[in-house]
Amino acid sequence: MRTTTTDPTTTDPTTTDPGTGDQGATDPGTGDQGATDPGTGDQGATDPAGETETMERTTAQAPGTAWPTAPHVPDAERLRRWRMVLGADSADSTGRTLTGQDAAMDSALDALYGGGAGKKPGGRGSGGRSAGLGASAPSVARWLGDIRTYFPSSVVQVMQRDAIDRLGLAALLLEPEMLEAVEADVHLVGTLLSLNKAMPETTKETARAVVRKVVEDLEKRLESRTRATLTGALDRSARISRPRHRDIDWNRTIRANLKNYLPVPGGDSAPPTGTIVPERLIGYGRASRSAKKDVVLCIDQSGSMAASVVYASVFGAVLASMRTLSTRLVVFDTAVADLTDRLDDPVDVLFGTQLGGGTDINRALAYCQSKITRPADTVVVLISDLYEGGIRDEMLKRVAAMKASGVQFVTLLALSDEGAPAYDHEHAAALGALGAPAFACTPDLFPDVMAAAIEKRPLPIPDKEVQQ
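Just so we're aligned, residue 103 is where the sequence shown starts under this note's numbering, counting upward by one.
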């Protein structure tokens with residue numbers, strides 16, 4: 103049975119486990135949970151057409167009420183849907199022959215999830231069940247074009263990842279014609295970056311174009327909100343005690359001086375009033391060309407952090423474009439690379455990374471610590487799954503020392519839409535005990551996390567269960 107299919111002629115998505123054949127799949131004809139194979143005829147089971155045993159209806163129906171009727175699905179349509187879900191091996195049992203677009207969709211799905219040995223897109227195979235797209239880049243490129251024709255973008259991206267993971271197609275991404283056919287997303291960018299060193303010169307320009315498209319889409323999505331959120335946080339963090347009249351934050355000034363309220367009795371016709379004596383004025387700092395805060399992004403570039411590296415590079419470029427922030431971007435595995443001079447172009451940053459390899463968080467933090475000149479005005483963001491290959495105790499001592507000096511230290515287990523990956527729970531708990539809780543962060547939440555760190559207020563941790 104196939105992993106993920108979507109029939110464009112219906113609104114019913116169907117998903118099953120290709121490895122287990124678990125019962126409980128959604129009936130493509132009715133959407134009923136707990137459906138059984140249409141050919142079994144099990145007693146008491148729900149029929150794919152949504153009908154139940156007459157005796158069950160008689161027993162359960164309340165007097166004077168009418169049973170709701172399931173939408174009638176013609177037998178031929180129901181069998182067509184089952185045939186699309188179950189794949190070519192079900193052709194005999196369903197008695198359904200696919201034609202036209204259905205046959206083309208089935209061929210594309212069968213090539214990935216259930217084709218015969220030696221199967222290639224556009225052809226039928228025979229023999230045992232084993233998926234295959236062959237080793238031909240043009241053949242794979244045609245298959246990629248087919249699935250983009252028949253399925254929505256979200257499904258295409260899932261199928262592409264399945265093809266790369268299950269069929270070992272990473273090497274074919276080094277072919278320009280295949281790169282031009284793929285649906286670009288963050289995960290594809292991560293795969294390309296992991297292949298960067300092995301990529302031939304003929305492919306690099308095409309790969310950069312794919313990566314740039316994804317980066318530009320992310321910048322459009324994330325830049326405006328990030329700028330607005332952090333600009334407000336920077337203004338609030340720059341409050342001064344002797345502001346000019348036009349720079350006074352009246353709301354905070356009034357709240358800070360409520361203890362100095364002096365009541366004034368009213369006259370015969372006037373109500374009583376009062377006066378607040380503003381002993382302390384609170385205001386916003388005036389705009390300055392000098393940076394108000396220093397930000398250090400310290401990014402783990404191990405293979406499991408690919409999506410986080412992509413998002414962090416985009417955010418790094420956005421932060422670097424704000425004149426009130428001084429941004430440094432450091433990536434590490436067992437070695438440390440400072441990519442700050444490339445922040446004007448996040449694509450250059452990404453191609454300066456080298457996904458994979460070991461991890462030495464202690465060495466990376468030592469480098470970052472050496473670059474801090476204004477601890478009280480510095481935010482360090484460590485993005486890592488915390489699997490430390492270096493000296494654990496030294497890593498924790500460095501974090502403690504930075505926090506003691508006034509540095510705001512943020513630990514993100516991931517910066518992606520997928521949530522928390524596998525991570526070292528012991529190290530996360532140790533950092534939490536130092537006041538640097540570790541949690542996964544989505545790209546949409548990241549501006550709020552940075553704003554809280556800049557203002558030195560509690561971080562908006564999305565899930566308390568993840569906090570360590």
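Treat each hint with caution, since some may be false.
Mimicking DSSO-like on lysine-lysine, the simulated pairs with C-alpha atoms at most 27 Å apart in a straight line are [unchecked claim]:
1) K299 <-> K315
2) K394 <-> K558
3) K315 <-> K394
4) K505 <-> K361
Using C-beta positions, here's what the derived DEER-type ranges look like [as the list claims (entries may be wrong)]:
5) T251 <-> E557: 43 to 53 Å
6) G508 <-> A372: 49 to 59 Å
7) R314 <-> N353: 26 to 36 Å
8) E557 <-> G405: 29 to 39 Å
9) G405 <-> L536: 36 to 46 Å
10) N353 <-> A330: 48 to 58 Å
11) A206 <-> A178: 32 to 42 Å
12) A535 <-> H347: 22 to 32 Å
13) A178 <-> E520: 20 to 30 Å
14) A531 <-> W352: 15 to 25 Å
Since the hints were made in silico from the structure, they are not lab data. For clarity, every value in this text was computed on a predicted model and none was experimentally measured. By construction, the Cβ of each residue, glycine as well, lies at the ideal position given by its N, Cα and C atoms.
Status of the hints after comparison with the structure:
Taking the CA atoms of K299 and K315, the gap is near 21 Å; set against the 27 Å cutoff, the hint holds. With a CA separation close to 14 Å, the supplied pair K394 and K558 stays within the 27 Å bound. Distance hint between K315 and K394 is unfulfilled; the C-alpha atoms sit about 32 Å from each other, more than 27 Å. Proposed proximity of K505 and K361 is contradicted: the alpha carbons are some 33 Å apart, above 27 Å.
Taking the beta carbon of each, T251 and E557 are about 49 Å apart, inside 43 to 53 Å as hinted. Separated by about 51 Å at the C-beta atoms, G508 and A372 satisfy the suggested range of 49 to 59 Å. R314 and N353 have their C-beta atoms about 44 Å apart, which leaves the hinted 26 to 36 Å range violated. About 35 Å separates the C-beta atoms of E557 and G405, a value consistent with the hinted range of 29 to 39 Å.
In this structure, G405 and L536 break the distance hint of 36 to 46 Å, their C-beta atoms being roughly 27 Å apart. Look at N353 against A330: about 20 Å separates their beta carbons, and that is not inside 48 to 58 Å. Between A206 and A178 the CB atoms are about 19 Å apart, so this pair departs from the stated range of 32 to 42 Å. The given range of 22 to 32 Å is broken by A535 and H347, whose C-beta atoms sit roughly 46 Å from each other.
Between A178 and E520, the C-beta spacing of about 40 Å breaks the proposed range 20 to 30 Å. Take A531 and W352: their Cβ atoms lie about 44 Å apart, and the range 15 to 25 Å is violated.
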